[in-house]
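Participant: Quick note, the sequences are listed as chains A and B, same order.
full-length UniProt numbering numbers the first residue of the first sequence as 1 and each following residue consecutively.
full-length UniProt numbering numbers the first residue of the second sequence as 1 and each following residue consecutively.
Everything labelled a hint here was simulated from the structure, so no lab data went into it.
From a predicted model like this one, the values you see are computed outputs, not experimental measurements.
Cβ atoms here follow ideal geometry from the backbone N, Cα and C, with glycine treated the same way.
Some hints could be false.
Claimed, not checked - Across the chosen pairs, the derived CB separations fall in these ranges:
(1) A/Gly198 with B/Ile25: 49 to 55 Å
(2) B/His53 with A/Leu78: 55 to 61 Å
(3) B/Thr21 with A/Ile199: 35 to 41 Å
(4) B/Ser67 with A/Thr130: 26 to 32 Å
(5) A/Gln258 with B/Trp4: 50 to 56 Å
(6) A/Asn83 with B/Ala259: 19 to 25 Å
(7) A/Val51 with B/Asp33: 41 to 47 Å
(8) A/Val41 with B/Val131: 21 to 27 Å
(9) B/Pro306 with A/Gln195: 35 to 41 Å
(10) B/Leu29 with A/Ile56: 40 to 46 Å
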Amino acid sequence: MTTSEAALPSTTLGLEPPTRGRGWAPAWMRRHNLQLWIGGVMLGLMVLAAVAAPLITRYNPTTPDALHTLLGPSGEHLFGTDNLGRDVFTRVVYGTRSDLTIAVVAVVAPFIIGLVFGIVTGYFGGWIDTIMMRIADIVTAFPFFILVISLVFILGNGAWSIFVAITCVSWVAYARLVRGEAMVLRNKEFVAACQAGGISPVRILLRHFAPNVATQALVYSMSDIVMNVGVIVTLSYFGLGIVPPTPDWGSMMADGQQFLAGGYYGLTLFPAAAVIWTSLALSFIGDGLAHALRIDR
Amino acid sequence: MLRWFARRLLLAVPVVLGVVTISFILMHLAPGDPARSALGEKADPAAVAALRHQWGLDKTLPAQYVSYLNQLLHGDLGTSLYYHTSITTLMAQRLPVTLALIVMSAVLASLISIPLASRSASRPNGATSFVIRLFNAVIQGSPTFFVGSMLILFLGVRVAIFPAGGYPSGFGARAWALVLPALTIALSIVPLLVRGLRAAMIESLGSEYVAFARSKGLPESPIRHRYVLRNAGISGVSILGIQVGALASGALVIEQVFAIPGMGSMLMTGILNRDYAVVQACTLMFGLVVVVVYLVTDLVYARLDPRARLS
Numbered sequence: 001m002t003t004s005e006a007a008l009p010s011t012t013l014g015l016e017p018p019t020r021g022r023g024w025a026p027a028w029m030r031r032h033n034l035q036l037w038i039g040g041v042m043l044g045l046m047v048l049a050a051v052a053a054p055l056i057t058r059y060n061p062t063t064p065d066a067l068h069t070l071l072g073p074s075g076e077h078l079f080g081t082d083n084l085g086r087d088v089f090t091r092v093v094y095g096t097r098s099d100l101t102i103a104v105v106a107v108v109a110p111f112i113i114g115l116v117f118g119i120v121t122g123y124f125g126g127w128i129d130t131i132m133m134r135i136a137d138i139v140t141a142f143p144f145f146i147l148v149i150s151l152v153f154i155l156g157n158g159a160w161s162i163f164v165a166i167t168c169v170s171w172v173a174y175a176r177l178v179r180g181e182a183m184v185l186r187n188k189e190f191v192a193a194c195q196a197g198g199i200s201p202v203r204i205l206l207r208h209f210a211p212n213v214a215t216q217a218l219v220y221s222m223s224d225i226v227m228n229v230g231v232i233v234t235l236s237y238f239g240l241g242i243v244p245p246t247p248d249w250g251s252m253m254a255d256g257q258q259f260l261a262g263g264y265y266g267l268t269l270f271p272a273a274a275v276i277w278t279s280l281a282l283s284f285i286g287d288g289l290a291h292a293l294r295i296d297r
Numbered sequence: 001m002l003r004w005f006a007r008r009l010l011l012a013v014p015v016v017l018g019v020v021t022i023s024f025i026l027m028h029l030a031p032g033d034p035a036r037s038a039l040g041e042k043a044d045p046a047a048v049a050a051l052r053h054q055w056g057l058d059k060t061l062p063a064q065y066v067s068y069l070n071q072l073l074h075g076d077l078g079t080s081l082y083y084h085t086s087i088t089t090l091m092a093q094r095l096p097v098t099l100a101l102i103v104m105s106a107v108l109a110s111l112i113s114i115p116l117a118s119r120s121a122s123r124p125n126g127a128t129s130f131v132i133r134l135f136n137a138v139i140q141g142s143p144t145f146f147v148g149s150m151l152i153l154f155l156g157v158r159v160a161i162f163p164a165g166g167y168p169s170g171f172g173a174r175a176w177a178l179v180l181p182a183l184t185i186a187l188s189i190v191p192l193l194v195r196g197l198r199a200a201m202i203e204s205l206g207s208e209y210v211a212f213a214r215s216k217g218l219p220e221s222p223i224r225h226r227y228v229l230r231n232a233g234i235s236g237v238s239i240l241g242i243q244v245g246a247l248a249s250g251a252l253v254i255e256q257v258f259a260i261p262g263m264g265s266m267l268m269t270g271i272l273n274r275d276y277a278v279v280q281a282c283t284l285m286f287g288l289v290v291v292v293v294y295l296v297t298d299l300v301y302a303r304l305d306p307r308a309r310l311s
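Given these sequences and hints, build the entire structure.
Facilitator: Below, the structure written as structure tokens:
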């Protein structure tokens, strides 16, 4: 959050300054943009593990093994086994496939919708802008997770409902962000030059606005993925998201929680660590991207 | 000030209407028949038809909308299939619990964030700053329910200072039972609050009035308390107001984890029991709470910073 955003009153209903993954790293890290590298490596390791899952583990994530239940971490089972004897490491790795994939894919549609909406309203202004901002106000009047969970309930469980629900709600943040950027761009000299030169608005928007405003949205999308991971994991924790036995971090934590009091921390902590690892990686990347693209004012 | 607020109030009217409309549309997005889905696949067709009639699903869409508005204006939120009572009655018991939880979280979040932010702002590149940022990044990445269950495990079970869940009777016991859930929700917005406050404090520290105060020889501590903290506090109020949605989302998750009988757990049980009317009413109410909090925030903000009233 920049100072100007922090000092802004919420005179428009629901004005939510999008939080970018900025401001984490100290100066010495920024100098070489280390956070981008660290984040990239952290995320890269996860993606690699998810893609090469069958190669790095010889267990099946869903096959129970009644003889080896609730084992502690060992050479055989890196993270131990759960109450059904399934290898926790394997399930965490396969969980990346479902959770991270849905979280990343669920960013694409809101990104595009928000970009188009934001550019058009920011450039043209007037009544289009007024109507659009009222719609945005109404959507943001609902707490994010509450609207998403209600939509998932109405649409039914599963990945598709999660996509639709997240898209319906999270495009607004992109639209607001892009609109703000577009309104600044609109007053630049080069835009006036284009208009004077008789270039069509469509061409101006596509060639000049889109690339300029998309970088901001790209940086924001990193923290949006983090938010999506949180939503998916929470939905699954309550049994409303990814349907078991598909391995997923949220349902793993829900199952593991019953064994916390018995001292089996690993069942909850390892999937939780995966979630935290992912979001750390993404916020490093967001921070580094903002720095690399020189938009971390 | 009064005129400003009247205008601001008027602007909220279309938003309230929009919130009501979305809660209405929500019910009609369901694939298939909500009445059948609520009663189960093997339900008696006559019972389904009766429920359809009770919910007004046999009328045209505009007629349904008008009667929905009419019901709401009479304070009628419908009837819960699961509890077999009026939702308005249920809401009257549960809304105060959730509001108490949200207020307590906001207070705890400020108590945690202010020292962290001011520590971090005074030496932005120091080692403490680095640790605070790392703490923020980890907390922000942790799912709320996970933080909640860890707090239950360590402060509710291992060292049983707080109750591990539930909502006893009696004011003191209830307030005590809300501390751990409120702390969990508070932690979820601490990173945002610290970041916002730190930015505001750094800006304030670099401002001309602070430079002037220093040059006339004021010691550092009154400068920090009277000038920096106060000015940063104003933006803190607006950040807290904006984050009420996050607090409400937190309440939804945490009430379920801690078995607190508030509106969040009501919505969650509504979802788990396919109680459509309850889901609709809770979604609507959460939306309205946020709109009201935004209004109050604007009012407080305008009171603290007269410049806001000019726009």
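Participant: It remains to establish, for every hint, whether it holds in the given structure.
Facilitator: The hints, checked one at a time:
no., hint, result
1, A/Gly198 with B/Ile25: 49 to 55 Å, "violated (43 Å)"
2, B/His53 with A/Leu78: 55 to 61 Å, "holds (59 Å)"
3, B/Thr21 with A/Ile199: 35 to 41 Å, "holds (40 Å)"
4, B/Ser67 with A/Thr130: 26 to 32 Å, "holds (30 Å)"
5, A/Gln258 with B/Trp4: 50 to 56 Å, "holds (54 Å)"
6, A/Asn83 with B/Ala259: 19 to 25 Å, "holds (23 Å)"
7, A/Val51 with B/Asp33: 41 to 47 Å, "holds (42 Å)"
8, A/Val41 with B/Val131: 21 to 27 Å, "holds (22 Å)"
9, B/Pro306 with A/Gln195: 35 to 41 Å, "holds (39 Å)"
10, B/Leu29 with A/Ile56: 40 to 46 Å, "holds (42 Å)"
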